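In order, the protein sequence lines correspond to chains A and B. Going by our numbering, the first residue of the first sequence is number 1, and it counts up by one from there. Going by our numbering, the first residue of the second sequence is number 1, and it counts up by one from there.
In case anyone wonders, no lab produced these hints; they're calculated from the structure. Computed from a predicted model, the values in this text were never measured in an experiment. Incorrect hints may appear among the rest.
Here are the simulated DSS-like cross-link-like pairs (lysine-lysine), alpha carbons at most 27 Å apart as the crow flies [unchecked claim]:
no. : chain 1 : residue 1 : chain 2 : residue 2
1   : A       : Lys672    : B       : Lys240
2   : A       : Lys493    : A       : Lys456
3   : B       : Lys12     : B       : Lys241
4   : A       : Lys56     : B       : Lys181
According to the in silico footprint, chain A covers these stretches of chain B (three or more CB under 8 Å from chain A) [stated by the list, open to error]:
no. : region
5   : 84-90
6   : 452-462
Backbone N, C-alpha and C fix where the C-beta goes; we use that ideal spot for every residue, glycine too.
Listed here are the chains, written in short residue letters.
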Amino acid sequence: MTSSSIPHDSAIKHVSGESVYIDDIQVNSQLLIGRVVYSPHAHAKIKSIDLSAAKKLKGVHAVLCSKDIPGINQMGPVVHDEVCLAADEVICVGQAILLIAAESNEIAIAAEKLIQIEYGQLEPILNLRTAIEKNSLLGPVRTMQRGDADAALKIAVHVLKGELETGAQEHWYLETQSCLCIPGEHQEITAYSSTQHPSETQAIISEVLGIAKNEVVVETRRMGGAFGGKETQGNWVAAWSALLCNATKRPVKIHLFRDDDQIMTGKRHPYLIRYEAGFDDEGKISAVKFEQNADGGCATDLSLAILERAMLHADSSYYIPNMHVTGKAYKTNLPSNTAFRGFGGPQGMAAMEAVVDRIARFLKKDAADIRKINFYGIDENNITHYGQTVELNRLHTIYDQLMISSEYRERRKAVNKFNSSNEFYKKGIALTPVKFGISFTTSFLNQAGALVNIYKDGTILVNHGGTEMGQGLNTKIMQIAAAELGINVSKIKVNAANTSKVPNTSATAASAGTDLNGMAVKNAVDILKTRIAEVMAAEFSKQRPEKPSLPENIIFENDYISDKLQPYHKIAFADAMPIVNFNQVSLSAAGFYRTPNIGWDKLTGWGKPFNYYSFGMCVSEVLVDTLTGFHKNLRTDILHDVGDSINPGIDIGQVEGGYIQGVGWCTTEEIKWNDKGQLLNHSPDTYKIPSVQDIPSDFRTTLLQNAPNPNAVRKSKAVAEPPLMLAFATWLAIKDAVSAVADHQHEPQFKLPATNEVILLSIEDLKKRMKG
Amino acid sequence: MQQTISFVLDGKVQTIDFNGQYTPTTTVLNYLRSSPVHKGVKEGCAEGDCGACTVVIGELDGENKIKYKAIDSCLVFLPMIHGSQLITVENLSQKKGDEETLHPVQEAMVSGNGSQCGYCTPGIVMSLFSLYKNENDPAKESIEDALTGNLCRCTGYKPIIEAAAKACVNKGFDKFTQCEKQIVELLLQIKNQSTPLEIINEKQKYYQPKTIKEALELRKKIPDSVLVNGATDVALRVTKKHERLEEIIDLSAVEELKKCIKTESFIEFGAGINLEDVKKLVEKELPALFETLVVFGSRQIRALATLGGNVGSGSPIGDTLPVLMAYNAEIKLQSSAGERKVNMNNYILGYRKTERRPDEIITSVIIPKPSSKTIVKFYKISKRKDLDISTVSAGFSLTLNNKTVESISLAYGGMAAVTKLALKAEQYLTGKFWDRNNVEKAMELVAAEFTPISDARSSAEFRSIAAKNLLLKFWTETKQ
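Make the full structure from the sequences, and use the hints.
Okay, structure coming up:
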């Protein structure tokens, strides 16, 4: 049995303060502190830089500019359009220009104050609407389509047009971007990095230093949160500390100060999505056209892949016979926006959910009913706008169960009753679905490696390509290895991710960490079991020649190795390992996995990008104070599909945590830049992620039972990203409450996030429209 | 005069002389993290907004028992823990031979999946430890209040709330109860040897007087010095702006400032009483002040911050200012020349400018108890309800005489460079019926009276609407 809610493998270390993060690593007294000098301007020419005074300051060991980079001045992960240090032009506030290594943080700060940089201002583009006007595209315009949306819209009974703005979101990982580099002999360098992608971090370090990849080791024990923010942008501090380490030949650590981290790094992409939807009197949708516009920031980073996933999720959970999606990513003079849990999916789905919500209000029907009639079908109407069949569709099962368990109908009535008798407080309720495609949409990335070592005492060290950022990947890996080897989980240790153990890995991203690495580990374990079975069958046969044992009958169970047909052939797992070793057979194996049967044509936007889909649904009820714009999350019910859960405790934690992170994006997490492109919300003082007081007063999370997934390790499913989008129920419940101010007769102006400002201004607007 | 500080850490008295790597404005967080055995405490924001740096301070109460409170170690200068016990996450578990027994709050966090990435966890564990020591079987509201100052980005908090409920049932009994006697002895030993601190090196002077008299003499000598008590505001100048504070007078050791006098007609709060204690003192008698403090910072912040500090800063978004104006409070100022009282409504002169002269200190805040005809209310609008700075706040006071407004005071924060009364609306309403029609007219006067700004927190338009609406809200809650 794999499924068990064993605690996180680091839980005891977490609660006793023993878990080591980058800033906690003990280093000798040679350690230098790295500091990044960044641009205060959104777009400017660098006219001159004077480093002379800073270099002379006692305790300063290096001040580096772009010219001091021995390799290439480049750290773009996909497209090489991102310089490591700005040379003659800065293109956003927060862009790195210079690096300082000093004996203390105080000295580094003092050195920065001695640096003179002269700028010549250039015209910046500071928001998406301006970028659209100026057609400042980052990449080619993409389209995906099925049917003929234009023709279908012409004959549709009703057509609604509109747009939705979704805001940026700061990752707010508790551990800011960090890296410690330690020089080795000759060109060697070891980077202890808080990165989701050690192999890419290794590659970027080798490129900026101009050395071979086999000189660079990147190790990641754990991250203090990442959420996509360390998929590519964890590379930055790694490259910078590597440059300083190389220049000084001393250990160098960069651990960004919170405000600097918020100012310098990218966020979730803001989107402006325009739509046109056709439907009939029942609310059955016949056609939708979406124009998705994404603010990519000043460089490409992952914007094009994120745009692609947004387009692939423009359908949310609905079968739309005629669909046309256009996607455009724009370049602005803001920090390059990057991966964030959901990776474009949330923005794409938010627009579709907003459309359905609006259709329901227009037709004066319950939005839950409109959703139901438009869900993908089981045997028909089950092909997406990019040609993939929605197999093992759980939408209907989940909907039916959740409508009952959440008492949706009764509560809808109670909400309406409350609203008719209260002027200043309004309640709202909403149900929203999640269907999320699992796989990297860049298909070759769907691969993983592992290295499993068994030692002679029967303990096991598992190395794999994934990184632990709190999601419980290592715990699940332990459980998978233990189940496959038939031994107690306490015998297994999962090592820090290390590029010298498992090379050429993909990022731990796309929710696929367990799917990919778990399978690679299983592959390694299978190889080892085959070897062990051969040795032990021979050994058993030698001991009792009259009862020969065959390798194919050897089983691994309950810490023993035995012959399933001849149970007297039995030995404790730990006792067998010295025998295998004595027989000159290796107890170390590399495993590998690639996701089979996926592939699609990016140019035509057609095929099977995903291995499978994850499903979930949420009903949320809120109370809005119409005079202050405050809302209270009264009750939230979630039913989520994780297949056969490997660890229900960890999975529920992912679901609840993902939902609350989504609620933050949908409600209080607002990001603003001023007219100079400076970030206004650069610390938790003004950037508000959910606190303990913001979770639902009544919070019920259930995992869908009896829903094994044939397409992933031990019939499980990915978790991680999909639950974030459960938060749309809360967002639209707020809108439902706002709409109640005008008795649902008018479509409220609404945005994402629905801050108390958005809520109050929307209510003011409704009041005016009611009067007018 | 004493140049060194002492406190108990890891069961031993630690003494710091400030001649080496530490300065008097080194924070407790940075001190701990400089040690190889106290890396559990984390910096998440260096401004008291995330709680990753939470540690617990044990202080002797009047009966020589230890009182435990969670604080944000990023906001506390080392001299402020002189004479206290400092408890970190590494201190909670108990080692017996090879066996390590987790503290009940740690155990509940492990078994209940209370940690994911683990970075916020040490701080959360310390907040739970403080709750464990102070409350048995706490209500959900109290658990949430104890955790408001700890941000977690992974879990969604539910398992942490459940861990708290599960663990806090042993009436606070743990290994700290068992060894309390020894710790008390160590703390008394420090206390008995201690004289007022005067830490002077070539760059900084830090004074920690023990009496008002000593404080005033220092103030006269160095009127430009920075006055701190909890330092929750001033510390940011060090942790975020990297300023070197050259001369500091720390009032946190002045016991006279921690007295509370209750009479029939007023309550006088010593300026040095921390806001968590003020909150406990006023729940029944001054409910509007209580409501203010419920949404003021977090427990960790309130354990340090003082009424004197909040008034003293004179910030336009200081949360207690509007409500003190509504209560018609008086600020007692003292200098070596004597003392005087200034009404709160005359106290604020401009942006962070107050009536206090450089040689004076705030010694107390006197709040008259409202008559039975008077209702005082506090409202705060912020992006997030808790642990947020107000976008708009309001302290309202209304005295009705047979449905007619006898007097009304409408103090607003966040609407101007200073906390300010909506005088025209007050004038309009005085003598009129307290009905919706009149209130709606007064709302327009409120809007016309202020020209708020747009900033990181909200737009000017939102502030104007919110300010108007708060008056309507006040009416809905007080109409007869």
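We went through each hint and held it up to the structure:
Distance restraint check for Lys672 (chain A) and Lys240 (chain B): the Cα-Cα separation of roughly 21 Å lies within the 27 Å cut-off, and the hinted pair is therefore satisfied. For the suggested pair Lys493 (chain A) and Lys456 (chain A), the alpha carbons sit about 15 Å apart, so the restraint of at most 27 Å is met. Among the hinted pairs, Lys12 (chain B) with Lys241 (chain B) is inconsistent with the structure: their alpha-carbon atoms are about 34 Å apart, more than 27 Å. Between Lys56 (chain A) and Lys181 (chain B), the direct Cα distance comes to roughly 55 Å. Violation of the 27 Å bound is thereby established for this hinted pair.
For a cut-off of 8 Å, the count of residues in the region 84-90 of chain B with a CB near a CB of chain A stands at 3, and the three-residue condition holds. Counting residues of the region 452-462 of chain B whose beta-carbon sits less than 8 Å from any beta-carbon of chain A gives 7, enough to reach three: the coverage restraint holds.
Checked against the numbered hints listed earlier, the structure breaks hints 3, 4; every other hint is satisfied.
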